Each structure stands twice: as C-alpha cells, then as structure tokens.
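Asker: Residue numbers (the working numbering), protein chains in the order written: chain A, 1 to 291; chain B, 292 to 615.
What the hints contain is simulated information worked out from the structure, not anything from laboratory work.
Keep in mind it's a predicted model, so treat the numbers as computed, not measured.
Wrong hints could be hidden among the right ones.
When the alpha-carbon atoms are kept at most 30 angstroms apart in a straight line, the in silico DSSO-like pairs for lysine-lysine are as follows [stated by the list, open to error]:
#1 B/Lys606 / B/Lys305
#2 B/Lys489 / A/Lys89
#3 A/Lys191 / B/Lys489
#4 B/Lys606 / A/Lys89
#5 A/Lys89 / B/Lys406
#6 B/Lys406 / A/Lys191
#7 B/Lys597 / B/Lys575
#8 B/Lys508 / B/Lys597
#9 B/Lys508 / B/Lys492
#10 B/Lys575 / B/Lys305
#11 A/Lys191 / B/Lys597
#12 A/Lys191 / B/Lys492
#13 B/Lys406 / B/Lys597
#14 A/Lys89 / B/Lys597
#15 B/Lys373 / B/Lys406
#16 B/Lys406 / B/Lys492
#17 B/Lys575 / A/Lys243
#18 A/Lys89 / A/Lys260
#19 B/Lys489 / B/Lys606
#20 A/Lys89 / A/Lys168
#21 B/Lys373 / B/Lys450
#22 A/Lys191 / A/Lys243
#23 B/Lys456 / B/Lys575
#24 A/Lys260 / B/Lys426
#25 A/Lys132 / A/Lys260
#26 B/Lys305 / B/Lys406
#27 A/Lys243 / A/Lys168
#28 B/Lys492 / A/Lys89
#29 A/Lys168 / A/Lys132
#30 B/Lys597 / B/Lys489
Computed far set for chain B versus chain A, every beta-carbon distance over 10 angstroms [said to hold, decoys possible]:
#31 Ile310
#32 Phe319
#33 Ile376
#34 Asn425
#35 Val568
#36 Ala569
#37 Lys575
#38 Asn582
#39 Val592
Don't be surprised by glycine CBs; every beta carbon is placed ideally from N, CA and C.
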Amino acid sequence: MDSFLAAVVSVLFYGVAYGMVLYVISVGLSITMGMMGIANLAHGVFAMCGGYILVTALAKYQIPFPIALALSFLIVAFFSVFLDRLLYKHIYDAPELEQVLFSIALIFISIAIARLIYGTLQQPVMLPEYLKDQFTFLGRDFPAYRVFIIVFSAILIATLWFGVENTKWGAMVRATVDNRPMAQSIGINTKLLFSITFAVGSGLAGMGGALGAEIIAIQPTYPFEQLVFFLIVVAVGGLGSLKGPFFAALLIGVLDTACKYWIPEVGAFFIYIVTIGILLWRPLGLMGKRA
Amino acid sequence: MSKLVGFQSNPRLKISELIPWVLALAVFFVLPDYLSLGAQILTYILFALSLDLITGYAGVVTLGHAAFFGVGAYTCGILSAKVGITDPLLLLLMSAIVCGLLGISTGLIILRTQKLTQLMLTLAIAALCFEVANKATTITGGADGLTGVVIGPIFGLFKFDFLNKTAYLWCLGILFIFWYLVRRLVYSPFGITLTGIKENKQRMQAIGVPVTSYLLKAYTFSAIIAGVAGALIAQTNQFVGLNLIGFEPSGEILVMLILGGVGRIYGAFVGPLVFLVAQDFLAKQFPEYWNLGIGLMLLIVVLFAKGGVLGIFDKVTVFRRSSK
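If we strip away everything but chain B, and leave its shape as in the complex, we get (with noise of 0.2 angstroms):
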C-alpha cells in the first residue's frame, strides 16, 4: 500500500504541517549568520512551489518557468532602480501583475501545444526573455546585471539591513501567505479537477471539463506565484542578474521540485533547502564535480526513488507500519 498523497490526503491542516515554519522560525534565531542563504532558500521554495503547481499536479512539464521568475526580478529591479518606486509591497504586486499578463498571453501560445512542441515552446520563451534581458543593456544592465536597486521600509517601518534579518521575516510571510493559497487550491474541486487533467487529459475533456481553461488558470496563478518569487529575491540581493532568467534556473528550479518530490506541497520545501544547501557547501569546494553529484542524483531519483527525498520517507513510514 501507498501512502495517499495530493488531494487524496485528508485536506485538514495536521501539526505536523506546522513543522516547516518552528524550523523557519527557529532559524531566525539559532544560526543569524545563515539569514542571507537562508532568505535565498525561502525565495526559491516559493519558485519550486509554483512550478508544483503547474507540473506536479496541472502535469504542463515545463522547461522554461524561470522566465517568470526572471521577468518577476527584472520588473522589481527595473521599477526601482530605473523608476523609483521603492515600496516592497508595491513591487510585489507589480511583478505579479506583469508576470500574470505574460503566463495568460505564453499559456495561450504553449497550451495550444502538447508534449515536445510544448517543451520547446517553453524553452523558447524562456530563451526569448533571457535574450530581451542580455541584449536590452539600457535597461536591464545586460551581461553586468542591474545595479543600483533600492528598496524602501516594508509597510514604511523595517527596513532591509545587512544581515537579511528583515528579508528573511518578508520573505518568510510571502511564503506562508502563498502556501496557504495553494494549499486550499489544491484540496478545491479546482485543484482535483487539475489532477485529474494531469492524469487522462481525453477523458477530462470527455465528461464536459474545459481543459484548456483550467490549465490557462493555473499556468497563470503559477505565473504569478514564480514572478512574486522572482521580485523577493530582488528585493534581497538588491540586484538582478542573468543567471536567474532562461534556460539554467529553470533546468534547477524543476532539478529541485524532483529532488524533494514532486506532485505534493512539501516535496517543494524540501527540495531547494537540500539542493540549495548542499550548493552553498560543495559547489564551492567542488566546483567540477558539482554538476556530476547533480547529474548522477538526478538519474538516481529518476530510475529508482521516483517521488525524491519525500517519497524516501514514504516508504519507510509504510515499510515501518507493515512490519509492526
């Protein structure tokens, strides 16, 4: 027997959900040296989360997610560094309302699509951002990133300091705010309605489903989510750079979802806080082999421990209780 996970689980929040934010929580005050990666790692939980949405439970495999994220941090960096607005809040919601416009207008595009012409379409709208950000040096900084963003107080009271105190604790409520979002939609008829497309799309669109209406919706809240994500990590650096737009960051972003398990809330939790940590520790002391570790887990998870660190978990909790 498998453990029930998705919707299939009792929807009802247990304590042990509550787990991830003491952990947050206890971070803040335990190691405040680590608050910089450890607001970076938050950032990209929200990212993973986003892409979770869209493959792990819409099943729209995508390789090209990060040009949200991308045009999340590029409409922050831009809007402060080139504009002048600096109310953190005010970023956010700009950011998420670009990144809505461009996943309802790519969703079109893609959805019309299936299987490897949507993955190129992915890959080329991601490629088509990156290569807007690279050569519109005016604007964007191109290849030397964008200096220069300032970020004001949040709510015109805290203000962003050295040691990330701040941009922990703001990255940390965005978080727990969209995971409560997604959280409800998934255990929504919506939500099951998005599982069931990933699992017989034909049949869905058989007993009277608008297919492409929901996926549109949920590529789009998605869309926003990863543009949010995109706009925290601005705000963090207080810099934008290349490397968080186009093909790479998105390879990483669905690396991670995989690694921590895909198809369920926490394997989006899970996943960047492993990859992300593990990076801060080897890829500076390994550099070449980095991208082997990377590579050979990947292909582990894949053929053998389908459903990633948690889906590990899993079984030795089922293991464990046939056994008893």
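Isolated chain A (complex conformation) (with noise of 0.2 angstroms):
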C-alpha cells in the first residue's frame, strides 16, 4: 500500500511538472487562435527553437541557466515578430486550409533546418549543478529540477493570469477574443494587438521548450511529433480560454505520466480516448467560447 501511495506521489508530482511545461508552451496558441482564429500548426517550431537556444547556451557558450532560459524567450519572441510581420500576416483571413498548409510548410522548413544544423540526435540538457540534486520532502527524494519547473511555471502562470485580468492591455486581448470587429471598431487596433499577443505566446513557448527540454526531449521531429499533445490542450481547454488549457494541461500531464508508469504497453492510447470523449461531452473544450 505505501508503495502505491508513494507511486501515486511521484505520477502526480512528474504529471503535474509535465503539463506546466504543456501549459506554458500551449496557452500562447489558445489566445492567439482565440483572436485571430489562425490555424497555427506551427506553433511547436517556437517550443523546439527555445529548446534549442538553451541546449546550445548551454553547452557552448556555457551561459549561466536563468540567462540562457530568459533569452530562449527573447529570441524567440522577436524571431516571431518577424515570422509574424514577413509570413503570417498573408494568411490572417486565409481559408483554414491554406492556413493548415502554411503552417504545415513552416514544420518541414524548420525541421529541415533543425536537421541541418545539429543532426538527427537528441539534444543532452547541461543543467548546472544545483539543479542536479534532489530534495527531501517528507521522507521522499524529489529531483530538483523539476521542482525548479513547478515554482517557476507556477510564477509564470500566476504573472500571465494577472496581467490578462488585470491589466489594459490584458483586458484588450479579452475584448479581441470575445469580438474582433466590435474592439476594432472602438478603436482597439487589433493588428498591433494581436502581433504583440503573438510574440509573448510565441516566447513563452520558446520558454516553455527550453523550461521541459529534459521531458520533452529535443529533436529536429520535436513540432510534428508534439502537435497532437499541443492541440488536445487547447481543444480539450477550449479555444481563446486563458485558464481552460491549465486543467487540460494539468490533466494530459498526470494521464500520461500515469499510463507511462502502470499500462507503457498501450502507449498513449488513453489520452486519446479521454480526448475524444471529453470533446464529445463538451465540443467547445472545458472552458471554451467558440468552436
């Protein structure tokens, strides 16, 4: 019994390390689809690049971890501004096919590029040394970092729900989401909003790749191979929902820490399962607006 009680302790305590990281990198995808209604599949691309830029931080130009974590923002926040102002901005009102096939093209572009770059192998992490340990809590060992991930996603989080509740341009993007064209006609430029909104989403994914580059390992197939966990989040949470996709996260976290631990024979089987039956209870996801 008090193994499977500290069995229990440990699925929780990796699911819930696990599905921050989905949280932090999907809650960008959730609020930019919900504002411009882009079908962008291409949103692990900016996961995998703030992967990327931590590994190499890292490992070649060994630069201190909270450095390292904070430009896998920055670069890949300005890096999409850019994707945003030379690409994205042909497809805002395109038909959900081209804006499908677009974003399909920008996964082969990058994962070509990942390939040329560094290879097909996986990235090893170099975590410094006092991430390495692990803590002793209540007669259990936790490994340190990812409690490290817990705390700093959970900061993260709380940062990101207080500034869409509490602050102007957060109430902006909640005028967005509920109806463009009226915020539009009041005077909200939604373009500039939506760029602004786009580069943090995009930087926190960046962020939230190079946060769980340890869980989620990092590999040129990193988009294509993640895109179904990403989009079961934002589905399953409800789209343009700032808080639906924690739950979703939260919950694919622990299911499939769960299911990797007691039954790894039927792989990932459950989660779509559950997904499925969850959008067939609520098509609009947990906490969704809009289809």
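Work from the hints to combine the two standalone chains into their complex.
Answerer: So this is what it looks like as structure tokens:
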C-alpha cells in the first residue's frame, strides 16, 4: 500500500511538472487562435527553437542557466514578430486549409533547418549542478529540476493570469478574443495587439520548450511529434480560453505519466480516448467560448 | 476571368480527360522498370482522390486521412497473413467495409465539432490508429511491420509478379472505377450540395439541407476509397508498415493534393505523380534538403500559386486566350 502511495505521489509530481510545461507552451496558441482564428499548427516550432537555444547556450557558450532561459524567451519572441510581419500577415484571413498548409510548410522547413544544424540526435541538456540535486520532502526524494519547473511555471502562470485579468493590455486582449470587429471599431488596433500577443505567446512557447527540454526531447521532429499534444491541450481546454488549457494540460500531463508508469504497453492510447470522450461531452472544450 | 472548375464546368467527358489513362497505359509498355513506382503512384492518386472529395469538395480539412489508408492496408495485410484470405478482390472488399464502418463512427465524432477542434480530432484519431498498430505487435507486427502477406491471383487467373506488371494494371483498373464514381458524384446534385456546404455552411443549413448527414455520407465514402487505396498498397508491396498510418502520411497526402490542385479531380492525379517522382529522384540523393524543398514549395503554393500545378496551367491558358 505504501509503495502504491509512493508511486501515486511521484506520478502526480512528474505529471504536474509535465503538465506545467505543456501549458506554458500551449497557452499562447490558445490566445492567438482565439484572437485571430489562425490555425497555427507550427506553434511547436517556437517551443523547439526555445529548446535548441537553451541547449546551445548552456553547452556551447557556458551561459548561466537563468540567462539562457530568458534568452530562449526573448529570441523566440523577436523571431516570431519577424515571422508574423514577413509571413503570417498574409494568411490572417485566408481559408482554414491554407492556414493549415502554411503552418505545415513552416514545420517542414524548421525540421530541415534543425537537422542541418544539429543533426537528428536528441540534444543533451547541460543542467547546472544546483538543479541536479534531490530535494527530500516528507521522507521522499524529488529531483530539484522538476521542483524548479513546477515553481517557476507557477510564478510565470500567476503573472500571466494577473496580466490578462488586471492590465489594460489584458482587457484589450480579452475584448478582441470575445469580438474582434467590435474591439476594432472602438479603437483597439487589433493587428498591433495581435502582433504583441503573438510575440508573448511564442516567447512563452520558447521558454516552455527550454524549460521542458529534459522532459520533451529536443530533436528535429519535435514540432510534428508534439503537435497533437499541444492541440489536445488547446481544444480540450477551450479555444481562446486562458484557464481552460491549464486544467487540460494538468490532466494530460498526469494521465500521460500515469499511463507510462502503470500501463506502458498501451502508450498514448488513453490520452486520445479521454480527449475524444471530453470533446464528445463538450465539443467546445472545458472552458471554450467558441469552436 | 478565371476558368470554371469543379461542378461549374461542363460535366460531359472531354477528350483531354482520356490523356491520363493513355499515358498510364503507355508507361506500362515503355517503362517496364518503373512499374513498381508506377503502382505506388496509382495508389497514392486514389488516396489523394479520396482526400480531394472530403477536403476539396466538401471543405472538411483533415489531418488524419491516413487513418483510413493505414487501416485499409492493415485490414488487408492481417486478413491475408493471419487469417489466410488471399483473394485480392475479397480483401479489397473487406478493407472497404472496415474503413466504411470506421468512417461512419469517426465521422459522427468529428463532424460534431468545427475548425481547430475538428482538426485536432482528425489528428487524434489518426494518432490513435497509429498507436494501436504500433502497440498491438502480435497482430500488426508493430514497428517491424507486418510480413507474410500472401496475395493470390486476381480472379484466380492473374498472379502478382516480381516486376509488378499485374499489380500496376490492377491498381490502374481499380483507380479507373473509383475515378469514374467520384467524377459522377461531384457533378451530381449530391456533389453540388457538398460544394455549397463548403462555400457556406450556415446558408445551406438555412435553406434546409441536412448538412451533417451530407458530410457524413461524403466522409464515409472518402474513407472507403482511402481504405481501398491502402489495401492496394498492401497487395502491391505484400508488406504493411507504420509509415502508412498516422500523422506523417496524412500530412504528406495533403501536401500532394495541394501541389496538384485541390477541389479538382485531376489535381489528385498530378500531385502524387510530381511528389513521388521527385521523392524517388531527390530524396535519396539529398535527404536533408528534401524536407526543406517540400516546405518552401508548399509555402510558395499557399502564398502565390493557389490551385497548385493545375492552377498555374489554368492561368497560363486564360492568359493566352485573353492575349490573342
């Protein structure tokens, strides 16, 4: 019984860490998709970029971990503004099929570039010593890095939620998600707002990819392989919703970890079944505003 | 003025529509060394045709169409390798039935939702099928693939040979039948209604069209065709692997269709031909640049050349006519 309880605690612990990473990566996707209705399947590219930036900064340039993490946010955010102005602006109002293909094209290109620079192998993460320790709590050991992920993500998420609910920027974002034409007509520059939000969302994805580099392996096929999980988090949580994807991400994180621990032979089977079940029950997702 | 496409064009069979079939037969006699690639291309054309029906005509974007392709292939492979059914026609029929049932049941789920959620569900269903094929190793062979697929002679007369001569003609014949059916379907009132649903779902609903029921029928028929295409590839290769099921082949077939031109029957013919021939020549020599090339090409098609290869042809002919 005690060993079972220990297993439950560690599954919850690892699952929550994974879920936090999933949420930090996916939240930008939910908000930008809610604002502009762009089916951006290439969101995982930003997460992968963040992961590669962290790995390179740590291994090649010996940059301290906190700065490397901040860099993964900043570089990806700037990069996304560049992509937005250069490419994404052409497909804001394009039909869904074109948006899907456009983002698949970006995925293909990013895979090829990642492979050219880094090769096909998974990149090892050179964590600093202080994150390799074990925390002992209530007689159990917890790896410091996972604890760091959970605490750091929690602070990040709290800041984000506060920002969206209590600042003027957040109010404008919420207004645009609810009704873009109306927000535009009362004088909100929705395109500029979208660019800023897109940058923040992509930056968060980059940081999420960097944070989770040890959980979700950084390799060229990352954007394709993880896509279904990011989409599940957004769709189950509810498109355009801020908090819905959080609960969805925790659910998926814990469920996936539990399945891998107790029934590895079925793989991700249950995740898909649960996803389909939830969407049959609530087609708009847990806290969805619209399809 | 743009050229009329889809249901707007004259439904009568034009002489030019015979060109693909004449070419396909010519390939059989002139390029006997390329028949196994040829058979491959023919099955992918059939697969692209099924996707064109649901995405190009009915407007349902799916990232998981290879679920049907793969399930069709695995149904055929498993029935042959584990159950011992070897008649090719019977195997096609079984794959069609299984994929039809899968099409109805998954169609009921995905057509309840819209846009991103729908995309995600199509993807999740393909991923689910992949996961089953990957993990049920005793039946499917898992990552090693399913071997021991034995296919008997067609109608008890024509044996599958090493040069794939029989397979090529078999694929061509099946493709011809489904091409004819799909062609009839798109020009029928049913097909025109599908295009209407694609153009404006709410309006079609408002004038009393049972939208979901129409889409479900189209989705199921499309699933059946994809399943038959999958069964054909299992029969041609006498092997079924994980590369036929899941997200990657789903994305690839979408790319092929877009490359040829979506929402027009012959786009499904041109796309796989160009893609697979290019892959055969380029991907082996420059594997690291292949993805880059595909990505850039796709980007160009989406941003500048909507309508794919055939769309460019249209523009050229319209331009020529107007300049005369």
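Asker: Hints first: check each against the structure and report whether it holds.
Answerer: Going through the hints against the structure:
The straight-line distance between the Cα atoms of B/Lys606 and B/Lys305 is roughly 20 angstroms, inside the 30 angstroms bound, and the hint therefore holds. Simply put, B/Lys489 and A/Lys89 have alpha-carbon atoms about 24 angstroms apart, close enough for the 30 angstroms limit, and the pair holds. The hinted pair formed by A/Lys191 and B/Lys489 meets the criterion: a straight-line CA distance of about 28 angstroms does not exceed 30 angstroms. Pair hint B/Lys606 plus A/Lys89 holds up; C-alpha atoms about 25 angstroms apart against a cutoff of 30 angstroms.
Distance restraint check for A/Lys89 and B/Lys406: the Cα-Cα separation of roughly 20 angstroms lies within the 30 angstroms cut-off, and the hinted pair is therefore satisfied. Note on B/Lys406 and A/Lys191: the hinted pairing holds, with a Cα-Cα distance of about 22 angstroms set against a maximum of 30 angstroms. Distance restraint check for B/Lys597 and B/Lys575: the Cα-Cα separation of roughly 29 angstroms lies within the 30 angstroms cut-off, and the hinted pair is therefore satisfied. At roughly 28 angstroms between alpha-carbon atoms, B/Lys508 and B/Lys597 fall within 30 angstroms of each other, so this suggested pair holds.
Only pairs whose Cα atoms come within 30 angstroms are accepted, and B/Lys508 paired with B/Lys492 is accepted, the gap being roughly 16 angstroms. Distance hint between B/Lys575 and B/Lys305 is unfulfilled; the C-alpha atoms sit about 38 angstroms from each other, more than 30 angstroms. Using a Cα cut-off of 30 angstroms, the hinted pair A/Lys191 and B/Lys597 holds, with the two alpha carbons roughly 25 angstroms apart. A C-alpha spacing of about 27 angstroms is found between A/Lys191 and B/Lys492, which places the hinted pair at or below 30 angstroms, so the restraint holds.
Taking the CA atoms of B/Lys406 and B/Lys597, the gap is about 21 angstroms. The hint holds against a cut of 30 angstroms. In summary, the hint linking A/Lys89 to B/Lys597 is supported, as the alpha carbons are separated by about 17 angstroms, within the 30 angstroms threshold. Note on B/Lys373 and B/Lys406: the hinted pairing is violated, with a Cα-Cα distance of about 40 angstroms set against a maximum of 30 angstroms. With a C-alpha separation of about 13 angstroms, the suggested pair B/Lys406 and B/Lys492 falls inside the 30 angstroms cut-off, and the hint holds.
At roughly 47 angstroms between alpha-carbon atoms, B/Lys575 and A/Lys243 are farther apart than 30 angstroms, so this suggested pair is violated. Pair hint A/Lys89 plus A/Lys260 does not hold up; C-alpha atoms about 41 angstroms apart against a cutoff of 30 angstroms. A hinted pair counts as satisfied when its Cα atoms are at most 30 angstroms apart, and B/Lys489 with B/Lys606 qualifies at roughly 23 angstroms. Simply put, A/Lys89 and A/Lys168 have alpha-carbon atoms about 24 angstroms apart, close enough for the 30 angstroms limit, and the pair holds.
Proximity of B/Lys373 to B/Lys450 is assessed by CA-CA distance (about 21 angstroms); at most 30 angstroms being required, the pair is judged to hold. This hinted pair checks out: A/Lys191 and A/Lys243 have alpha carbons roughly 24 angstroms apart, not beyond 30 angstroms. For the proposed pair B/Lys456 and B/Lys575, the alpha carbon gap of about 24 angstroms is at most 30 angstroms, so the pair holds. Distance restraint check for A/Lys260 and B/Lys426: the Cα-Cα separation of roughly 13 angstroms lies within the 30 angstroms cut-off, and the hinted pair is therefore satisfied.
Our distance criterion of 30 angstroms between C-alpha atoms is met by A/Lys132 and A/Lys260, whose separation comes to about 23 angstroms. Between B/Lys305 and B/Lys406, the direct Cα distance comes to roughly 37 angstroms. Violation of the 30 angstroms bound is thereby established for this hinted pair. At most 30 angstroms may separate the alpha-carbon atoms for a hinted pair to count; A/Lys243 and A/Lys168 meet this at roughly 19 angstroms. As the CA atoms of B/Lys492 and A/Lys89 are separated by approximately 26 angstroms, the hinted pair is consistent with the 30 angstroms bound.
Of the pairs offered as hints, the one joining A/Lys168 and A/Lys132 is violated, with about 40 angstroms between alpha carbons and a cut-off of 30 angstroms exceeded. A hinted pair counts as satisfied when its Cα atoms are at most 30 angstroms apart, and B/Lys597 with B/Lys489 qualifies at roughly 17 angstroms. Here B/Ile310 stays apart from chain A, with its beta-carbon at least about 27 angstroms from theirs, past the 10 angstroms limit. No beta-carbon of chain A comes within 10 angstroms of the beta-carbon of B/Phe319; the shortest separation is about 33 angstroms.
Its beta-carbon lying about 28 angstroms from the closest one in chain A, B/Ile376 satisfies the requirement of being farther than 10 angstroms from that chain. The claim that B/Asn425 lies off the interface is violated: its Cβ sits roughly 7 angstroms from the closest Cβ of chain A, which falls inside the 10 angstroms cut-off. Remark: the non-interface label on B/Val568 is consistent with the geometry, its nearest Cβ contact in chain A lying 19 angstroms away (cut-off 10 angstroms). Here B/Ala569 stays apart from chain A, with its beta-carbon at least about 14 angstroms from theirs, past the 10 angstroms limit.
At the 10 angstroms boundary, the C-beta of B/Lys575 stays outside the reach of chain A, the nearest C-beta of that chain being 16 angstroms off. Non-interface call for B/Asn582 relative to chain A: violated, since the shortest CB-CB distance, roughly 4 angstroms, does not exceed 10 angstroms. A Cβ of chain A approaches the Cβ of B/Val592 within 10 angstroms, the least distance being about 8 angstroms, so the stated non-interface status is violated.
The structure is inconsistent with the numbered hints 10, 15, 17, 18, 26, 29, 34, 38, 39, although it conforms to all the rest.
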